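Asks: Using the sequences and the hints given, assemble the complete structure.
The lines below spell out each chain.
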Amino acid sequence: MPLHRLQQDLQAHLLNGSVEILPHIAQAPPLSPQSRLAIYRNAYVSRLTEALRSSFGKLHQVLGDEVFAAAAAAFIAERPSRTRSIRWFGHHLADFLARTAPYEAQPIVAELARVEWALTEVFDAGDASSLRREDLLQTAPQHWGELTFTFHPSVRTLSLAWNTTAVWQSLDAGLTAPAPQKSAAAVTWLLWRQNLQNHFRSVDAVEATALAWAMDGAPFAQVCEQLRHLLAEEQIPMQAAALVAAWADSGILIMG
Amino acid sequence: MNISGFGLGLRPDHYEAILSGSPAVDWFEAITENYLVPGGKPLHFLQRIRERFDLVLHGVSLSIGSVDPPDLTYLAGVRQLADRFEPAWISDHLCWTGVDGLNAHDLLPLPYTQEALTLVVDHVGRVQDALGRQILLENVSSYLTFTSSQMSEWEFLSEVAQRADCAILLDVNNVYVSSVNHGFDPLQYLRALPAARIRQIHLAGHSNNGDHLIDTHDAPIVTEVWNLYADAVALFGAIPTMIERDDNIPPLAELTAELDIARRISRAGLTKVA
Ligand SMILES: [Fe+2]
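Here the protein sequences come in this chain order: W and C.
Under this note's numbering, think of the first position of the first sequence as -15, with each following residue one higher.
Under this note's numbering, think of the first position of the second sequence as 6, with each following residue one higher.
Fair warning: there could be bad hints in the mix.
[Said to hold, decoys possible] Facing chain C, from chain W, some residues (calculated, C-beta under 10 Å):
hint, residue
1, Pro14
2, Pro91
3, Leu180
4, Phe184
[Said to hold, decoys possible] Simulated pairs of lysine to aspartate or glutamate, DMTMM-like, Cα-Cα distance not exceeding 20 Å:
hint, chain 1, residue 1, chain 2, residue 2
5, C, Lys46, W, Glu217
6, C, Lys46, W, Asp79
7, W, Lys42, W, Asp79
8, C, Lys46, W, Asp111
To be clear, the hints were calculated from the coordinates, so they are not data collected in a lab.
It should be emphasised that the depicted structure is a prediction, and the values quoted were computed from it without experimental measurement.
Quick reminder that beta carbons are idealized off the backbone N, C-alpha and C, glycines included.
Replies: Structural data, given as structure tokens:
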């Protein structure tokens, strides 16, 4: 049998238990060829499940061992890994949970997976030295209108419809998670890394708008322009400047 | 650059302990894939540890034996990592991890055939060209053999190393685990290897499932593996040796104490030979 075919058949056994490869496994006591294959198949499923458990620790806590293992098995069966490092396996878990029964019926499950995955991305996103508040003051007031902002590679924003971060925080503090609850309106969360530590917080409508435009590369004047239907005209420059200063303090702005 | 003495596999659980103390470890082995990330803690700690210790890189996804061609993007990333951290060498496993673009994230066994030999030798050549250096290939633990195999694992490994001109990372625990699982003599395996090509030794614990052993790296090294290590020292001399621990990871001091056992065995073996 050509090597390509042999590898396809053994891989198929790992992925779905297919037994094409069985006649090509040598008979050698004390183990049967079936038990020898089973060692690999079990190791495959448990290794990938373990990788998901380590990326989605809170989801595992919420679902419990059994349900988590079932969700992992269904995901593993649907999306065999194409990633180099096992650390990236799980990239599509949140999407999978959002559209697969029975998990789709509890949307907070997929949302929690989104939060946890975003945090894994924040953790080892690229490095860059942050701007300080003083660096911003290098720009003369009359040039602030043209100022654009570059964000730290770790910065992520998520729009969450449920009390997902409250669940995350309770579990992180070792407390019982609150019951799932849908918010009146979706809330934007900002996630970033500062001094090697992951952080996240919610942002209000004004900051969410400012962030979205600034992250899109809009200059300060245009960011202010977008706040006109949210703030009184005279408040805009001060409030927008205060937001930018707070971003600098959190370390999310870097040199452009 | 070269290294000598006794090392440990670098694990995130030990970052702080390594940097806050002066562990009796001559060098560390970092898992390549764990540091092929854009930034953050992994690269930060690797940088700080590299400032104080020698380093080797050990990959788990090269998949040298897959019929898929070597992944040049991956190799460029590994080379970049090596340029930054200057490891004494780069190793990976004599196995395949997936085919047709998939990754099973496991070290899967090859059939020991001429076809596989030709393919692996060709791939090693391409990998060594892409990395600009000689690589080390490690023998893996295995749980099955193929009916199509025409030679033993040790013949296959030796042939690969000689024909492709690569070095060998000898995992003594893997030899032992496979010898039990397949019923061969582990000493015969060691004796058949080209001694001059063995550049590094791995030691690790495994789990005993009664009629077979699994290479779990979750427990201390067993007596039989220490004995086989003594045989390896007698055959190959002072080869840089390290312990791999990937699960049930104990405090750093427990692993350095285990490393002292390796030091004692090595010293005793070298004295005997002399
Ligand atoms: Fe090893």
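Asks: Now look at each hint and say whether the structure bears it out.
Replies: Here is how each hint holds up against the structure:
1. Pro14: With a closest approach of 4 Å, the Pro14 of chain W hint holds.
2. Pro91: Hint violated; Pro91 of chain W Cβ to chain C Cβ min 30 Å, cut 10 Å.
3. Leu180: 5 Å, holds
4. Phe184: Cβ of Phe184 of chain W sits 15 Å from chain C, so the hint is violated.
5. C:Lys46 / W:Glu217: Between Lys46 of chain C and Glu217 of chain W the Cα gap is close to 43 Å, so the pair fails against 20 Å, i.e. violated.
6. C:Lys46 / W:Asp79: 27 Å, violated
7. W:Lys42 / W:Asp79: This hinted pair holds, its Cα atoms lying about 17 Å apart.
8. C:Lys46 / W:Asp111: Measuring from Cα to Cα gives roughly 10 Å; hence the hint holds.
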